[in-house]
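Enquirer: Sequences and hints are given; from them, build the entire structure.
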Amino acid sequence: MSTYWKANQRRLAPWLFLAPGMAMFAIYVIIPIFQSMWISFYDWDGLGDAVWIGTANYVELVDDPEFYTSFKNNLIWLFLYLLAVPAGLLIAIFLNQNVRGIRLYKSLFFFPFVISQVVVGLIFTWFYAPGFGPIYLLTEWIFGQGTAILADDRYVTYGIIAAGLWPQIAYVMILYLTGLNNVAPDQVEAARLDGAKGWRMLWYVILPQLRPATFIAVVVTVIGALRSFDLVSIMTAGGPYGSSRVLSYYMYEQALSEYGYRMGYGAAIAVVLFGIMMVFISGFIWKMWRDETER
Amino acid sequence: MVHLKKGALALTAALLMSTSAYAQDKRVLNYYADFDPIPLAAFEALITDFETANPEVDVVLQNFDHEGYKTAIRNFLTTDSPDLANWYAGNRMAPFVNAGQFQDVSDVWEANGLSDALASAKASMTIEGKQYGVPYTYYQWGIYFNKDAYKAAGIEVPGPEGVNWDTFVANCEKFKAANIDCLTTGTKALWPGAGIFDYMSLRTNGYEWHMDLTAGKIAWTDQKVRDVFAQWAKVQPYITANHAALEWEDAAALMVQGKAANYVMGNFAVGNFKQGGMTNDNLGFMVFPEITPGLPRAEEAPTDTIHIPSGAKNVDDAKLFLAFVADAAVQTKLNAALSQLPTNKNSTVPADDPFLVAGFESLSSAYALAQFFDRDAPAEMAKAGMEGFQEFMVKPENLDAILERLESVRAKAYE
Chain A
1 MSTYWKANQR
11 RLAPWLFLAP
21 GMAMFAIYVI
31 IPIFQSMWIS
41 FYDWDGLGDA
51 VWIGTANYVE
61 LVDDPEFYTS
71 FKNNLIWLFL
81 YLLAVPAGLL
91 IAIFLNQNVR
101 GIRLYKSLFF
111 FPFVISQVVV
121 GLIFTWFYAP
131 GFGPIYLLTE
141 WIFGQGTAIL
151 ADDRYVTYGI
161 IAAGLWPQIA
171 YVMILYLTGL
181 NNVAPDQVEA
191 ARLDGAKGWR
201 MLWYVILPQL
211 RPATFIAVVV
221 TVIGALRSFD
231 LVSIMTAGGP
241 YGSSRVLSYY
251 MYEQALSEYG
261 YRMGYGAAIA
271 VVLFGIMMVF
281 ISGFIWKMWR
291 DETER
Chain B
296 MVHLKKGALA
306 LTAALLMSTS
316 AYAQDKRVLN
326 YYADFDPIPL
336 AAFEALITDF
346 ETANPEVDVV
356 LQNFDHEGYK
366 TAIRNFLTTD
376 SPDLANWYAG
386 NRMAPFVNAG
396 QFQDVSDVWE
406 ANGLSDALAS
416 AKASMTIEGK
426 QYGVPYTYYQ
436 WGIYFNKDAY
446 KAAGIEVPGP
456 EGVNWDTFVA
466 NCEKFKAANI
476 DCLTTGTKAL
486 WPGAGIFDYM
496 SLRTNGYEWH
506 MDLTAGKIAW
516 TDQKVRDVFA
526 QWAKVQPYIT
536 ANHAALEWED
546 AAALMVQGKA
556 ANYVMGNFAV
566 GNFKQGGMTN
576 DNLGFMVFPE
586 ITPGLPRAEE
596 APTDTIHIPS
606 GAKNVDDAKL
616 FLAFVADAAV
626 QTKLNAALSQ
636 LPTNKNSTVP
646 ADDPFLVAGF
656 ESLSSAYALA
666 QFFDRDAPAE
676 MAKAGMEGFQ
686 EFMVKPENLD
696 AILERLESVR
706 AKAYE
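Residue numbers (the numbering used here), protein chains in the order written: chain A, 1 to 295; chain B, 296 to 710.
Keep in mind that the hints were calculated from the coordinates and are not lab data. Errors might be hidden in some of the hints.
[As the list claims (entries may be wrong)] Here are a few chain B residues that face chain A, going by a calculated C-beta distance under 7 Å: (1) Ala394; (2) Lys442; (3) Lys446; (4) Asn537; (5) Ala539; (6) Ala540; (7) Glu542; (8) Lys569; (9) Ala674; (10) Ala677; (11) Glu682; (12) Gln685.
[Said to hold, decoys possible] So the derived label-pair ranges between C-beta atoms look like this: (13) B:Pro691 to A:Ile27: 47 to 57 Å; (14) A:Met37 to B:Asp507: 32 to 42 Å; (15) B:Lys529 to A:Phe215: 51 to 61 Å; (16) B:Ser703 to A:Lys287: 40 to 50 Å; (17) B:Ala510 to A:Tyr68: 25 to 35 Å; (18) B:Ser703 to A:Leu207: 45 to 55 Å; (19) B:Glu702 to A:Ile33: 30 to 40 Å.
Note that the structure is predicted; figures quoted are calculated from it, not measured. Backbone N, C-alpha and C fix where the C-beta goes; we use that ideal spot for every residue, glycine too.
Expert: See the structure below:
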């Protein structure tokens, strides 16, 4: 035993250190993924016996209009949420200067990200509230008739995304601010000597150096958009009549909410959502792997 | 956050109580419930009375926040079961009964003559001939209205017997002219809309038809369903706009402020109206108007119940507690504190509360009692139905699509 240990100590030690993390990751991430896939082939209310129904849940999903509404909303979320990346960059560049009290301004801009998403949701719900919300009153003042954004199936998703963008922009901004700190001053100086300024400076000199920050910003924004749940739950609970649902919320509704407890169907939605996420995640991993091996 | 804090407090209290119980060597009866503050105080008084009557039993009440309880019950019934648990009558208890999570308590009903005393609630506690719990309270639904709004619009104030449907619709036009919402509701949480639908359905086609509909025996594309929505369409334009973004409390505020006149609601809302400053003088109650003449009048009366889980450890004392809760005098005292109606027909209601008196009158003279759409219909149908009702009240032109969707849900939900 001890001779084996001495001979292989260097080879075994990393695995021993990794073991607790790997065990946790397996128990709480890897195994549940396969469990969800397994449950998605059952009809199960969480209490009684689970009945094997094969792919019936997926067949139902294909014909389910609610599923398509949720899926469409997820796509809207994905595209509009990405606005956080240029918006965050803009604010970061704006704040990246040396004036008195800039730290205070930076922290104020960062503030929305510190607030809990639940609070953000409540604040925006009040903004939109019919009768007294400032945005409702604004629409009333401009158009003569107020629009309750969260009660209108045409605008509700955009209203929630606007609430989500507020903290997300702050998050992206902080990523870019740290990135801007690492921009090489000599390159900026050299570019300036060559006559670059304004957009050309930004596009050809600054942005390429911010690529790692952009990469992280896109990754967190895409994943944030796909797992959007808290704001939908707080602001509308998927309403009015289900028009602001996203896949993660629909999964929760079907599997765990008061009128749900269709565990199999919820698991099937989870598997589809997982598939969509995997497209992006494997893309990101592939890019990271490529970058690291090329170097 | 508030709920969390409350939960933590309740937990500490429960822990303290249980340790003291062991010290005194009493038989512990664990009771999980989901009371709001006022009912909680009422039940603490009831438990004190029970412990005085049965000094050898110590009831340990663990209170959950109302919404969290609905999820928690599924976990604790299968893992660490209490001796008593709160739930609801009708179809809402069916999944637990069918999964064998609630005990048959027919013997408690038998031994205490409850079939007679609790006759009005018996049907909703019975599955396949056996009773699975004991009801302790119910409350009436109906139309609550602001008398000042009626006066402001120059309309005669209705009495508790209500008006007929044509008058109600005609009044709505006058309210419209006075810039007051004739009918208000807040459907963000969906269920308030189901209250309106239930009454439309009960009044248009009657109790038996409504129960057949919620039991899945009638197609949603049936002409009689369309009749219900055709009546509803008459008042749809007078319902508060943007109700889909309002909580039910927000709509109550509209009525308190006189911006809305009528509200189809349960009696629990009286507390909100009065907190908002309304009094017995300007808050009115009437039964929902008759639509199809000659139909026997059925009412909504959701019933709250207590059950014994199958995993209960102290079943004997739990049954003792159920019998105690079913008692006429106990229900009189409990419901006076709850401001709700006792299910025991030998109980009395306080004469100085006009809404309880009117409710007691309305329910005791009713032909039959429905539970509520989400308790009469199975969960999947209830959810889809309530979304459909909300959509209809916003976009009545979508009716065909709504009914077809509900019909396709019906095909799945009642398998």
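Enquirer: Does each hint fit the structure? Answer for all of them.
Expert: Outcome of the hint check:
1. Given the 7 Å rule on beta carbons, the hint for Ala394 of chain B holds: about 4 Å separates it from the nearest Cβ of chain A.
2. The beta carbon of Lys442 of chain B is not positioned within 7 Å of any beta carbon in chain A (closest approach about 23 Å), and the interface hint is therefore violated.
3. Among the interface hints, the one on Lys446 of chain B is violated; its C-beta lies about 23 Å from the nearest C-beta in chain A, farther than the 7 Å criterion.
4. Given the 7 Å rule on beta carbons, the hint for Asn537 of chain B holds: about 4 Å separates it from the nearest Cβ of chain A.
5. Interface hint status for Ala539 of chain B: upheld, as the beta-carbon distance to the closest one in chain A is roughly 4 Å, under 7 Å.
6. Hint status for Ala540 of chain B: holds, given a least beta-carbon distance of 4 Å to chain A, under 7 Å.
7. For the restraint placing Glu542 of chain B at the interface with chain A, the shortest Cβ-Cβ distance is roughly 10 Å, beyond the 7 Å limit, so the hint is violated.
8. With a least beta-carbon distance of about 22 Å to chain A, the hint placing Lys569 of chain B at the interface is violated under the 7 Å criterion.
9. A least Cβ separation of about 4 Å between Ala674 of chain B and chain A falls short of the 7 Å threshold, and the interface hint therefore holds.
10. Because the beta carbon of Ala677 of chain B sits about 6 Å from the nearest beta carbon in chain A, less than 7 Å, this interface hint is met.
11. With a cut of 7 Å, the hint placing Glu682 of chain B at the interface with chain A holds, because the nearest CB-to-CB distance is about 4 Å.
12. With a cut of 7 Å, the hint placing Gln685 of chain B at the interface with chain A holds, because the nearest CB-to-CB distance is about 5 Å.
13. Between Pro691 of chain B and Ile27 of chain A the Cβ separation comes to about 52 Å, which falls inside the hinted range of 47 to 57 Å.
14. Taking 32 to 42 Å as the suggested C-beta distance range, the pair Met37 of chain A and Asp507 of chain B conforms, at roughly 40 Å.
15. Against the hinted window of 51 to 61 Å, the Cβ-Cβ separation of Lys529 of chain B and Phe215 of chain A comes to about 59 Å, which satisfies the hint.
16. The hinted window of 40 to 50 Å between Ser703 of chain B and Lys287 of chain A holds, with their beta carbons roughly 43 Å apart.
17. For Ala510 of chain B and Tyr68 of chain A, the Cβ-Cβ distance of about 30 Å falls inside the hinted range of 25 to 35 Å, so the restraint holds.
18. Our hint of 45 to 55 Å for Ser703 of chain B and Leu207 of chain A holds, since their Cβ atoms are close to 51 Å apart.
19. In this structure, Glu702 of chain B and Ile33 of chain A meet the distance hint of 30 to 40 Å, their C-beta atoms being roughly 36 Å apart.
In summary, the numbered hints that this structure violates are 2, 3, 7, 8.
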